[in-house]
Amino acid sequence: KAGVTQTPRYLIKTRGQQVTLSCSPISGHRSVSWYQQTPGQGLQFLFEYFSETQRNKGNFPGRFSGRQFSNSRSEMNVSTLELGDSALYLCASSLDRIGGNTIYFGEGSWLTVV
Amino acid sequence: KNEVEQSPQNLTAQEGEFITINCSYSVGISALHWLQQHPGGGIVSLFMLSSGKKKHGRLIATINIQEKHSSLHITASHPRDSAVYICAVEERADKLIFGTGTRLQVFP
Numbered sequence: 001k002a003g004v005t006q007t008p009r010y011l012i013k014t015r016g017q018q019v020t021l022s023c024s025p026i027s028g029h030r031s032v033s034w035y036q037q038t039p040g041q042g043l044q045f046l047f048e049y050f051s052e053t054q055r056n057k058g059n060f061p062g063r064f065s066g067r068q069f070s071n072s073r074s075e076m077n078v079s080t081l082e083l084g085d086s087a088l089y090l091c092a093s094s095l096d097r098i099g100g101n102t103i104y105f106g107e108g109s110w111l112t113v114v
Numbered sequence: 001k002n003e004v005e006q007s008p009q010n011l012t013a014q015e016g017e018f019i020t021i022n023c024s025y026s027v028g029i030s031a032l033h034w035l036q037q038h039p040g041g042g043i044v045s046l047f048m049l050s051s052g053k054k055k056h057g058r059l060i061a062t063i064n065i066q067e068k069h070s071s072l073h074i075t076a077s078h079p080r081d082s083a084v085y086i087c088a089v090e091e092r093a094d095k096l097i098f099g100t101g102t103r104l105q106v107f108p
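Chains as they are written, first to last, in the numbering used here: chain A, 1 to 114; chain B, 1 to 108.
Just so you know, the hints here were simulated from the structure itself, not pulled from any lab data. There may be inaccurate statements among the hints.
In silico lysine-lysine, DSS-like type, Cα no more than 27 Å apart, as pairs [said to hold, decoys possible]:
1. 68(B) to 54(B)
2. 95(B) to 57(A)
3. 53(B) to 68(B)
4. 57(A) to 68(B)
5. 13(A) to 57(A)
6. 95(B) to 53(B)
Chain A side only, calculated, beta carbon under 7 Å to chain B, not exhaustive [what the hints assert, rightly or not]:
7. 39
8. 40
9. 45
10. 56
11. 88
12. 96
13. 99
14. 100
15. 102
16. 105
17. 111
18. 113
Every beta carbon over 12 Å from chain A, so not counted as near; a handful from chain B, in silico [as the list claims (entries may be wrong)]:
19. 11
20. 13
21. 15
22. 20
23. 37
24. 55
25. 107
Since the model is a prediction, treat every value here as computed from it, not as a measurement. All C-beta atoms in this analysis are idealised placements derived from N, C-alpha and C, irrespective of residue type, glycine included.
Take these sequences, add in the hints, and give me the full structure.
Now the structure itself:
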């Protein structure tokens, strides 16, 4: 059974640009959640999608957005990139909502903003 | 003060030693997760627990809901256990709050 797949794995963007990251969950999983990891702030919750609906969002500006498709695949988008957006972006999937379920993480997308 | 505190931040051990990593939290939770992150970024879920104790191989996780505290134990540690161990709590059914992690190095 394939795990959670994130693409691209590495990317470099310039300040002001936008970026789209993709996440394919484990087959049959309906929840996809996104996280940002930086050396200074550690891991932080971005948002969770379930049944194509955003269920919750962390304390991030509106530049961070996402969506989920009918096949549960998810994308997150960051517009008007800032240097501070450089981070490892992780997505995770679970069979149902995060609550009370094991979550499975992808390998992450390393974003560098220059 | 962080809602989820882990201790110690860094831990060095000799192969074979018994290791304990602690996690304390200040919010009401529905469950707690222990995660392992190896260099390169990938995160593996070790345990998800809401009460009592769970064991998987050499790993044991316990939680005391009343005291808002959880521990992760590694028996007979091995160099391959070297990683960052992260505690995460479910404050609501759909949001995780993470600790800052404990960096473990096990030397042969």
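Against the structure, the hints come out as follows:
no. : hint           : in the structure
1   : 68(B) to 54(B) : holds (17 Å)
2   : 95(B) to 57(A) : holds (8 Å)
3   : 53(B) to 68(B) : holds (14 Å)
4   : 57(A) to 68(B) : holds (25 Å)
5   : 13(A) to 57(A) : holds (24 Å)
6   : 95(B) to 53(B) : holds (23 Å)
7   : 39             : violated (11 Å)
8   : 40             : violated (10 Å)
9   : 45             : holds (5 Å)
10  : 56             : holds (4 Å)
11  : 88             : holds (5 Å)
12  : 96             : violated (10 Å)
13  : 99             : holds (3 Å)
14  : 100            : holds (5 Å)
15  : 102            : holds (5 Å)
16  : 105            : holds (4 Å)
17  : 111            : violated (12 Å)
18  : 113            : violated (17 Å)
19  : 11             : holds (17 Å)
20  : 13             : holds (23 Å)
21  : 15             : holds (27 Å)
22  : 20             : holds (21 Å)
23  : 37             : violated (9 Å)
24  : 55             : holds (16 Å)
25  : 107            : holds (24 Å)
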